[in-house]
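**Student:** Below, each chain spelled out in residue letters.
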Amino acid sequence: MVTVVHENLESTEAKMSARDVSVFYGDKKAIDNVSIDIPTEYVTAFIGPSGCGKSTFLRSLNRMNDTIPSARVEGEITLDGEDIYSPKLDVVQLRARVGMVFQKPNPFPKSIYENVAYGPKIHGFAEGKDELDAIVEKSLRRAGLWEEVKERLQDSGTALSGGQQQRLCIARAIAVDPEVILMDEPCSALDPIATAKIEELIDELNGRYAIVIVTHSMQQAARVSQRTAFFHLGKMVEYGRTSDIFTNPIEQRTQDYITGRYG
Amino acid sequence: MSLTLLLLLALGLGLAGWLAARARAWSFRRASPNGRLASLPTYHAWYVALWIILPVLIFVGIWSAIAPGLITQAVLTAPAADQLPAFGFQRQTILNEARAVATGAAQGVFNPLAREFVEPYREAIGRYNWIGVIVTLAIAFLGGVYAFLRLKPDFAARNRVEKIVMAILLGASLVAILTTLGIFVSLVFETIRFFGMVNPIDFLFGLHWGPDPMSNAENPDSSRYGAIPLFWGTLFIGAIIAMIVAIPLGLMSAIYLTQYANPKFRAWVKPALEILAGVPTVVYGYFAALTIAPAIRDFAISLGASSASSESALAAGLVMGVMIIPFVSSMADDSIAAVPQAMRDGSLAMGATTNETIRRVLVPAALPGIVAGVMLAISRAIGETMIVVMAASTAANLSANPLDSMTTVTVQIVAMLTGEGSFDHPATLSAFALGFVLFLVTLGLNFIALRVVKRFREAYE
Numbered sequence: 641m642v643t644v645v646h647e648n649l650e651s652t653e654a655k656m657s658a659r660d661v662s663v664f665y666g667d668k669k670a671i672d673n674v675s676i677d678i679p680t681e682y683v684t685a686f687i688g689p690s691g692c693g694k695s696t697f698l699r700s701l702n703r704m705n706d707t708i709p710s711a712r713v714e715g716e717i718t719l720d721g722e723d724i725y726s727p728k729l730d731v732v733q734l735r736a737r738v739g740m741v742f743q744k745p746n747p748f749p750k751s752i753y754e755n756v757a758y759g760p761k762i763h764g765f766a767e768g769k770d771e772l773d774a775i776v777e778k779s780l781r782r783a784g785l786w787e788e789v790k791e792r793l794q795d796s797g798t799a800l801s802g803g804q805q806q807r808l809c810i811a812r813a814i815a816v817d818p819e820v821i822l823m824d825e826p827c828s829a830l831d832p833i834a835t836a837k838i839e840e841l842i843d844e845l846n847g848r849y850a851i852v853i854v855t856h857s858m859q860q861a862a863r864v865s866q867r868t869a870f871f872h873l874g875k876m877v878e879y880g881r882t883s884d885i886f887t888n889p890i891e892q893r894t895q896d897y898i899t900g901r902y903g
Numbered sequence: 033m034s035l036t037l038l039l040l041l042a043l044g045l046g047l048a049g050w051l052a053a054r055a056r057a058w059s060f061r062r063a064s065p066n067g068r069l070a071s072l073p074t075y076h077a078w079y080v081a082l083w084i085i086l087p088v089l090i091f092v093g094i095w096s097a098i099a100p101g102l103i104t105q106a107v108l109t110a111p112a113a114d115q116l117p118a119f120g121f122q123r124q125t126i127l128n129e130a131r132a133v134a135t136g137a138a139q140g141v142f143n144p145l146a147r148e149f150v151e152p153y154r155e156a157i158g159r160y161n162w163i164g165v166i167v168t169l170a171i172a173f174l175g176g177v178y179a180f181l182r183l184k185p186d187f188a189a190r191n192r193v194e195k196i197v198m199a200i201l202l203g204a205s206l207v208a209i210l211t212t213l214g215i216f217v218s219l220v221f222e223t224i225r226f227f228g229m230v231n232p233i234d235f236l237f238g239l240h241w242g243p244d245p246m247s248n249a250e251n252p253d254s255s256r257y258g259a260i261p262l263f264w265g266t267l268f269i270g271a272i273i274a275m276i277v278a279i280p281l282g283l284m285s286a287i288y289l290t291q292y293a294n295p296k297f298r299a300w301v302k303p304a305l306e307i308l309a310g311v312p313t314v315v316y317g318y319f320a321a322l323t324i325a326p327a328i329r330d331f332a333i334s335l336g337a338s339s340a341s342s343e344s345a346l347a348a349g350l351v352m353g354v355m356i357i358p359f360v361s362s363m364a365d366d367s368i369a370a371v372p373q374a375m376r377d378g379s380l381a382m383g384a385t386t387n388e389t390i391r392r393v394l395v396p397a398a399l400p401g402i403v404a405g406v407m408l409a410i411s412r413a414i415g416e417t418m419i420v421v422m423a424a425s426t427a428a429n430l431s432a433n434p435l436d437s438m439t440t441v442t443v444q445i446v447a448m449l450t451g452e453g454s455f456d457h458p459a460t461l462s463a464f465a466l467g468f469v470l471f472l473v474t475l476g477l478n479f480i481a482l483r484v485v486k487r488f489r490e491a492y493e
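Residue numbers (our numbering), protein chains in the order written: chain A, 641 to 903; chain B, 33 to 493.
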């Protein structure tokens with residue numbers, strides 16, 4: 641069975657593209673033959689029931705699966721045409737270009753300032769304290785957190801509320817000036833108000849970064865994304881404009897899922 | 033009749049009670065219209081058995097403490113008692129000999145007078161044994177009957193049994209605490225006696241240590257009881273040299289094992305490291321005294337050091353450091369492993385290398401746990417006796433040169449207590465004062481370590 645890709649998609653330049661990608665955990669195939677182009681212009685959402693492999697696929701886009709010893713990736717994933725699994729490519733550089741925000745906010749137990757400055761410091765982006773200050777402020781502003789924390793940058797990042805922590809994690813990811821931001825269910829641990837703020841933020845970041853978001857909430861996918869891919873049992877079932885996927889799906893399984901028949 | 037037999041008797045009675053009560057509960061169950069009891073028959077059985085065994089155990093405990101006194105009282109009513117010396121060593125020897133013959137532990141006596149008491153002893157022991165057995169039986173019977181009569185179909189036996197078991201568990205946990213308290217009190221008493229003879233200021237701040245057990249106990253020379261050289265030696269060997277070895281090695285091994293080692297290697301090395309913690313310290317002592325100390329002395333001499341001692345602080349400290357590695361390593365390992373995977377992922381996803389992640393995120397986040405581990409290790413090191421007894425010297429020496437011989441608090445405690453001085457002499461009593469200081473210091477370190485660990489645990493919840 642092949643993925644149904646809607647035909648009315650205008651041709652865009654792909655920031656990242658996956659060709660025939662399969663991911664294995666030991667002998668178990670978690671992702672089966674997925675091909676997709678991820679454009680910079682749009683927010684791409686991965687939806688699907690639990691265990692369908694959408695997070696696994698997301699994690700293979702910045703090689704976070706490398707941290708799991710039994711994981712293995714087949715096929716080709718490119719960033720600006722460069723194979724990210726090539727032995728020549730430095731995974732450190734890759735992850736600086738493809739940032740990630742996790743399901744549960746995971747600020748480091750350091751100050752707010754240190755959390756944001758972490759990436760620029762390890763990658764040597766800033767030459768002096770002033771430059772670092774500027775990067776921290778810019779990142780916090782972009783993440784919509786500056787006004788709330790500018791008076792207490794030295795407070796611990798873990799002392800913030802859940803929603804603020806998640807925006808801090810987004811600021812932290814932005815600080816290394818990535819080209820792609822991967823978000824793995826970024827709102828699943830947040831209340832509706834904090835969720836609304838994150839979704840607003842995703843809207844603002846759209847266009848500046850290629851954004852891929854994995855979500856359980858179909859409403860969220862409908863609200864924040866312009867492209868949607870539906871995953872089921874390790875396969876990508878259907879990919880198209882978000883509006884089409886939700887109003888006019890081609891595959892029966894997509895239809896069943898978005899109308900709430902399962903998942 | 034001996035203690036063992038009394039206990040066996042109690043257990044036998046308990047078993048009988050157990051069986052009888054269970055049979056009775058089953059008969060209730062058969063008789064009841066819906067076949068239900070408030071508690072299962074087993075709980076009825078345990079209720080009765082506990083009511084038999086516990087009072088008997090308490091009685092046996094008390095009886096075995098007071099019976100010898102009662103027996104001696106009885107013996108002293110014998111006519112020959114008038115000829116006994118009124119007090120003291122002789123009187124005691126005669127009575128002991130007589131008792132030994134009466135119980136069959138000895139064949140003859142040295143003291144002719146003792147022969148007079150053999151028969152009274154035999155008689156008294158026999159009489160009190162019978163009293164013991166009869167009272168035991170009576171108590172077991174009364175307890176059993178009381179409990180048995182309370183059994184009813186709606187009797188909440190399970191709740192009672194659980195309460196009794198809880199009380200037993202409480203008692204068990206109190207034993208350790210009360211023992212600690214007892215140790216503390218006994219140390220305090222002896223320490224107060226010592227400080228009655230030697231000025232505490234001289235003891236705590238004096239720079240010269242050289243108690244003479246043969247000196248006049250009535251008028252001790254306070255200036256010979258300055259413990260600073262001992263405190264310094266203890267700190268230098270246990271908290272400085274040993275930690276210079278143990279902290280880096282323990283920490284690095286923990287980092288390697290949690291972050292780099294493949295699971296097979298870890299599964300093999302971690303238990304091996306923990307076995308190291310189980311090696312008797314006397315074995316480390318041999319190693320320090322026979323291998324490390326001479327090697328260090330030879331090395332120092334080959335470098336041109338003139339004062340190299342074969343009982344150097346360095347040898348004891350190095351080996352103690354090796355002994356402490358598993359403590360530091362296992363605490364650091366636990367606290368690094370307790371840092372959530374999300375922290376590690378977060379850092380790696382920023383493009384940090386494993387090395388940067390460890391240095392900048394994992395170790396800082398695990399620091400409270402690591403610090404707690406180090407403090408426990410220090411308190412263990414400064415209380416360590418065997419290695420320093422074997423490898424360090426007994427000469428108190430206030431020096432910063434690790435090649436000098438030095439002594440520690442624990443070494444001096446051993447030296448003072450195994451000497452020939454009497455227990456009234458300040459030199460001997462100083463061992464208690466030293467022990468008291470050591471006890472307070474390690475208690476303080478453990479307390480701080482536990483507080484640190486507690487705060488650390490709250491950080492991720």
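Don't read these hints as lab results, they were simulated from the structure. This one's a predicted model, so the numbers in the text were calculated from it and none came from an experiment. Don't be surprised by glycine CBs; every beta carbon is placed ideally from N, CA and C. Some hints could be false.
What the hints assert, rightly or not - Just so you have them, the derived chain A footprint on chain B, three or more residues with Cβ under 8 Å:
#	region
1	47-61
2	136-147
3	153-161
Claimed, not checked - Only some residues are given here: those of chain A computed to face chain B with a beta carbon under 8 Å:
#	residue
4	Leu698
5	Asn702
6	Ser726
7	Lys728
8	Leu729
9	Arg735
10	Met740
11	Pro749
12	Ser751
13	Tyr753
14	Gly764
15	Gly768
16	Lys769
17	Leu772
**Student:** So which of those numbered hints doesn't the model satisfy?
**Tutor:** Hints 1, 2, 3, 4, 6, 7, 8, 12, 13, 14, 15, 16, 17 contradicted; others consistent.
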